[in-house]
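Student: Sequence:
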Amino acid sequence: MKFKAVILDLDGTTIPNRKDGMPSKRVIDIIHQLRGHVSISVATGRGLNGCKEILKSLGLTSPCIVNGGTRIVDPITEKIIWEKELDKSQVEKIMEVAREYHYPVLFGDELEGEHPKSKIIKNRERIIYIEPVTKEDTEIILERLSKIPDVTAHKVISWTPHRFDIHITHSEATKRHSLEILLEILKVQKSEVVAIGDSNNDLPLFELAGYKIAMENGSEELKNKADMVAPSVAEDGVAIALEKLFIEKE
Numbered sequence: 040m041k042f043k044a045v046i047l048d049l050d051g052t053t054i055p056n057r058k059d060g061m062p063s064k065r066v067i068d069i070i071h072q073l074r075g076h077v078s079i080s081v082a083t084g085r086g087l088n089g090c091k092e093i094l095k096s097l098g099l100t101s102p103c104i105v106n107g108g109t110r111i112v113d114p115i116t117e118k119i120i121w122e123k124e125l126d127k128s129q130v131e132k133i134m135e136v137a138r139e140y141h142y143p144v145l146f147g148d149e150l151e152g153e154h155p156k157s158k159i160i161k162n163r164e165r166i167i168y169i170e171p172v173t174k175e176d177t178e179i180i181l182e183r184l185s186k187i188p189d190v191t192a193h194k195v196i197s198w199t200p201h202r203f204d205i206h207i208t209h210s211e212a213t214k215r216h217s218l219e220i221l222l223e224i225l226k227v228q229k230s231e232v233v234a235i236g237d238s239n240n241d242l243p244l245f246e247l248a249g250y251k252i253a254m255e256n257g258s259e260e261l262k263n264k265a266d267m268v269a270p271s272v273a274e275d276g277v278a279i280a281l282e283k284l285f286i287e288k289e
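For the sequence shown, this note's numbering begins at 40 and goes up steadily by one.
Quick caveat, the hints were computed from the structure, so don't treat them as lab data. C-beta atoms are modelled at their ideal positions from N, C-alpha and C, and glycine is treated no differently. Incorrect hints may appear among the rest.
To be verified - Only pairs whose alpha carbons sit at most 20 Å apart, straight line, appear in this in silico PhoX-like list of lysine-lysine: (1) 262 with 283; (2) 132 with 186; (3) 95 with 118; (4) 91 with 64; (5) 43 with 226; (6) 41 with 283; (7) 186 with 127; (8) 41 with 229; (9) 95 with 64; (10) 58 with 95; (11) 118 with 91; (12) 43 with 283; (13) 229 with 264; (14) 91 with 58; (15) 43 with 229; (16) 226 with 41; (17) 283 with 64.
As the list claims (entries may be wrong) - With beta-carbon atoms standing in for the labels, derived distance ranges: (18) 131 with 100: 37 to 47 Å; (19) 92 with 260: 24 to 34 Å; (20) 134 with 178: 12 to 22 Å.
Working from the sequences, and respecting the hints, build out all of it.
Tutor: In structure tokens form, the structure reads like this:
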């Protein structure tokens, strides 16, 4: 096979965009079929606690990117292979912005939000989430966060209808940077990588992939950069794309 690695986004791509989303039988079957022939990893904004049942159902054994690019983990042992954190000064500046709004703020793998005023800031945080945010406030918050040195913030479609979530990480803890590290670990070249995603936060994956697949339910910007547009997640688009790319060509 020409390609040696597949990098999958989860929400809106491999699984429905909801908290309890799980891959369909067809998606599970094709990924199990490809194991041993191609390395398959995920790159997700979810923490490991929020996706380990999904990874288990897919039977993944290759390292995976979690927490929006702040960590690479072994899906079997759950061992941290690589991570990049925000320092205390960066967290304090982020919280200065967050305190002016009244949205839930989550830290790392926390499952429940707390008001920013009650948060005890630790020396390090991997990722901070502000969610769910209105479209108008999202743009304002992103603009303000962009002024903090070495901090990256991006919006993703929220599980709450008509809202966005803001994911905030160190500028070197993005899907792009962590994918660069992952490719070194896998000893795979950019030209040998297939990336599949649905939203603009998957654009960094596309920049490091030899073949790019966007979901029909994805953003127009992502679809415009894709080599293939797969059917929607509701139509098992990941499975259909992988079947076309790896099975039908055999």
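Student: Next step is simple, just say for each hint if it's right about the structure.
Tutor: Tested hints:
| no. | hint | result |
| --- | --- | --- |
| 1 | 262 with 283 | 18 Å, holds |
| 2 | 132 with 186 | 10 Å, holds |
| 3 | 95 with 118 | 15 Å, holds |
| 4 | 91 with 64 | 17 Å, holds |
| 5 | 43 with 226 | 10 Å, holds |
| 6 | 41 with 283 | 13 Å, holds |
| 7 | 186 with 127 | 16 Å, holds |
| 8 | 41 with 229 | 12 Å, holds |
| 9 | 95 with 64 | 13 Å, holds |
| 10 | 58 with 95 | 16 Å, holds |
| 11 | 118 with 91 | 12 Å, holds |
| 12 | 43 with 283 | 15 Å, holds |
| 13 | 229 with 264 | 16 Å, holds |
| 14 | 91 with 58 | 13 Å, holds |
| 15 | 43 with 229 | 10 Å, holds |
| 16 | 226 with 41 | 15 Å, holds |
| 17 | 283 with 64 | 17 Å, holds |
| 18 | 131 with 100: 37 to 47 Å | 39 Å, holds |
| 19 | 92 with 260: 24 to 34 Å | 31 Å, holds |
| 20 | 134 with 178: 12 to 22 Å | 20 Å, holds |
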